[in-house]
Amino acid sequence: MSNAVSTAPRTTAARGQSEQTEKRKAALAWLTVPALFFFLVFAVVPLAGVFILSFADWDGIGAIGIAGMDNWFSVLADPGLYNALGLTFLIMIASWLVQTPISLLLGVFTAGSQRYRAALAVLYFLPLLLSSAAVAIAFKALLDPNFGLATGLGLPFLAQDWLGVPHLALGLVIFVIAWQFVPFHTLIYQGGVRQIPKSLYEAAEIDGAGIIKQFFHITLPQLKYTIITSSTLMVVGSLTYFDLIFVLTGGGPGNSTRILALDMYLRGFRANLMGPASVIAVILVVIGLALALFLQRLGGKDKHGSQLEGL
Amino acid sequence: MAPIVLFYNKELFEKAGVQPPKTWDDVMSLVKTFNDMGVAPFSLGGQSRWTSMMWLEYLLDRIGGPEVFNAIFEGKPDSWLDPAVIETGTKIQELVSAEGFIKGFSSITADSNADQALLFTGKAAMMLHGTWTYGGMKKNGQNFVQDGKLGFVQFPTVAGGKGDPKNGVGNPAQYMSISTKATDQEKESAKKFFKDGILTETVIDTYINSGSVPIVNGIEDKLDTSEDKDFLNFVYDLAKNAPNFQQSWDQALSPTAAEALLNNIDQLFLKSITPQQFAENMNATLGK
Chain A
0 MSNAVSTAPR TTAARGQSEQ TEKRKAALAW LTVPALFFFL VFAVVPLAGV FILSFADWDG
60 IGAIGIAGMD NWFSVLADPG LYNALGLTFL IMIASWLVQT PISLLLGVFT AGSQRYRAAL
120 AVLYFLPLLL SSAAVAIAFK ALLDPNFGLA TGLGLPFLAQ DWLGVPHLAL GLVIFVIAWQ
180 FVPFHTLIYQ GGVRQIPKSL YEAAEIDGAG IIKQFFHITL PQLKYTIITS STLMVVGSLT
240 YFDLIFVLTG GGPGNSTRIL ALDMYLRGFR ANLMGPASVI AVILVVIGLA LALFLQRLGG
300 KDKHGSQLEG L
Chain R
0 MAPIVLFYNK ELFEKAGVQP PKTWDDVMSL VKTFNDMGVA PFSLGGQSRW TSMMWLEYLL
60 DRIGGPEVFN AIFEGKPDSW LDPAVIETGT KIQELVSAEG FIKGFSSITA DSNADQALLF
120 TGKAAMMLHG TWTYGGMKKN GQNFVQDGKL GFVQFPTVAG GKGDPKNGVG NPAQYMSIST
180 KATDQEKESA KKFFKDGILT ETVIDTYINS GSVPIVNGIE DKLDTSEDKD FLNFVYDLAK
240 NAPNFQQSWD QALSPTAAEA LLNNIDQLFL KSITPQQFAE NMNATLGK
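Protein chains in written order, with numbering that gives the first Met the number 0: chain A, 0 to 310; chain R, 0 to 287.
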């Protein structure tokens, strides 16, 4: 919004015009009040609340006592925290590695204007419409070693102890997350690809570049910011994967899929330890902010510069 | 009353020519018999974790008597480190190692009733479960229950154990409870409400028709006219004659300790911790 306004006086404008812009700016500032209000009530206040609760001794129902630094010391000394942190990053990286290439290729594919591609795009989109809990319950039923797909389709290799062997359960979680979220990122990439000017491809074709060369020298560089956006959503979003894992594995077997967000929930609402749960919430917020900032930096300083110079 | 009992598939037992287990040694020998037959000895919805807990509840009672858990319940220091707890854990891991539970039990959930289905489809020979599963098996088991193929016995004894074989564990009062903080007068009115307000004739009949025993004394006549009278009388007598009826651990303990308990039981069954570690981890939750 402010961008559009500030570019206006760049032409050698008369004084009156710039005064008018000042006035318009003031009027526009008022428009941000509702958004600011919601941000304050739904983001800043709860954040402050969680920060304060991390120093409190509370079971979620009774009186709130003061715990001082006890929660922080006990959580930071708990090996469970480091297990959860490690798993969170593992799932984050694995999810990115699995989802990015698939959604990028699917995005490029569905960006084409052929009719069958549009039909397929609708099908790819379907998993996004399902709730995470429903997806988790469905997969659990499908993977039941005795009554699931393995028996139904007569495919014995599917009859694994999916939720009972730590590395299988972890792999399954990564797979189901990808199954659910690839459609969303495909959509982002599809939009990105459609923004690329046709003239670039036409020029490349005249120069004799094949499809593969066009992909690596036009599509991929042009998608730079789309990739950053999608990756930010994936990485920061992976910190909040909770519902799906909660229903699918409950953090098990043992603690092998107990990621940070789930750990927070189980401590807070199952074990009634709101203080330690709030400590984890604060850690989650800090990690999330740090990651988002880092990914924004990846975009480079010329973020607002054009990629279409000379066209 | 909803005690935990040992269900078994009579058809499979006849085929194998064996009797339901009376002792832990019987259990271990039946495990071998059924594994040789290609049938899983025990069905277990291990992913739900409280299902595995029922095994520990009974084993600890049979090995160490009710006193061991009472001490834990009262938060006595080092009560989880009782040798009976270690022996319970050891016995469980022996049973897991002997493939006593169906392959992939950690991927099976009790929510979908897949554990019950394993028993009535003949994929597993026995199942330790709450009596509340009876109604479900009757409904979904395609005449499994109606044809008298479902057997039920008390949990076996353990040689040298201190617990009375008549002791029961489970959910004693259909989840009705009275706060200990209530005054005597409040407790009296609560009891009166339970008796006259909740457990009316209609409610009692509904319980019985669904294959459950309501927590009311002197309903023998009603039970006898039910088509499930064998099972209902078995449950009624078990509950009535039990010298000690232990409430399910995850409900008896504080939420903090209960969550740690389920988490550690999961790891005990997966053999990722030893019985000693299990006892120590749980001991750290005392008083929390």
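FYI, nobody ran anything at the bench for these hints, they're computed from the structure. Hints may be right or wrong, so weigh each one.
Output of the computed footprint for chain R on chain A, the stretches with three or more beta carbons under 8 Å from beta carbons of chain R [to be verified]:
hint: 1; segment: 129-142
hint: 2; segment: 148-161
hint: 3; segment: 251-262
Even for Gly, the Cβ is constructed at its ideal location relative to N, Cα and C.
Now for the hints, and whether the structure bears them out:
A stretch counts as covered by a chain when three or more of its residues have a beta carbon under 8 Å from one of that chain; for the segment 129-142 of chain A and chain R the count is 3, and the coverage holds. Given as covered by chain R, the segment 148-161 of chain A passes the check, having 4 residues with a CB less than 8 Å from a CB of that chain where 3 are the minimum. With 4 residues carrying a beta carbon less than 8 Å from a beta carbon of chain R, the segment 251-262 of chain A meets the three-residue requirement, and the given coverage holds.
Violated hints for the displayed structure: none, as all numbered hints are satisfied.
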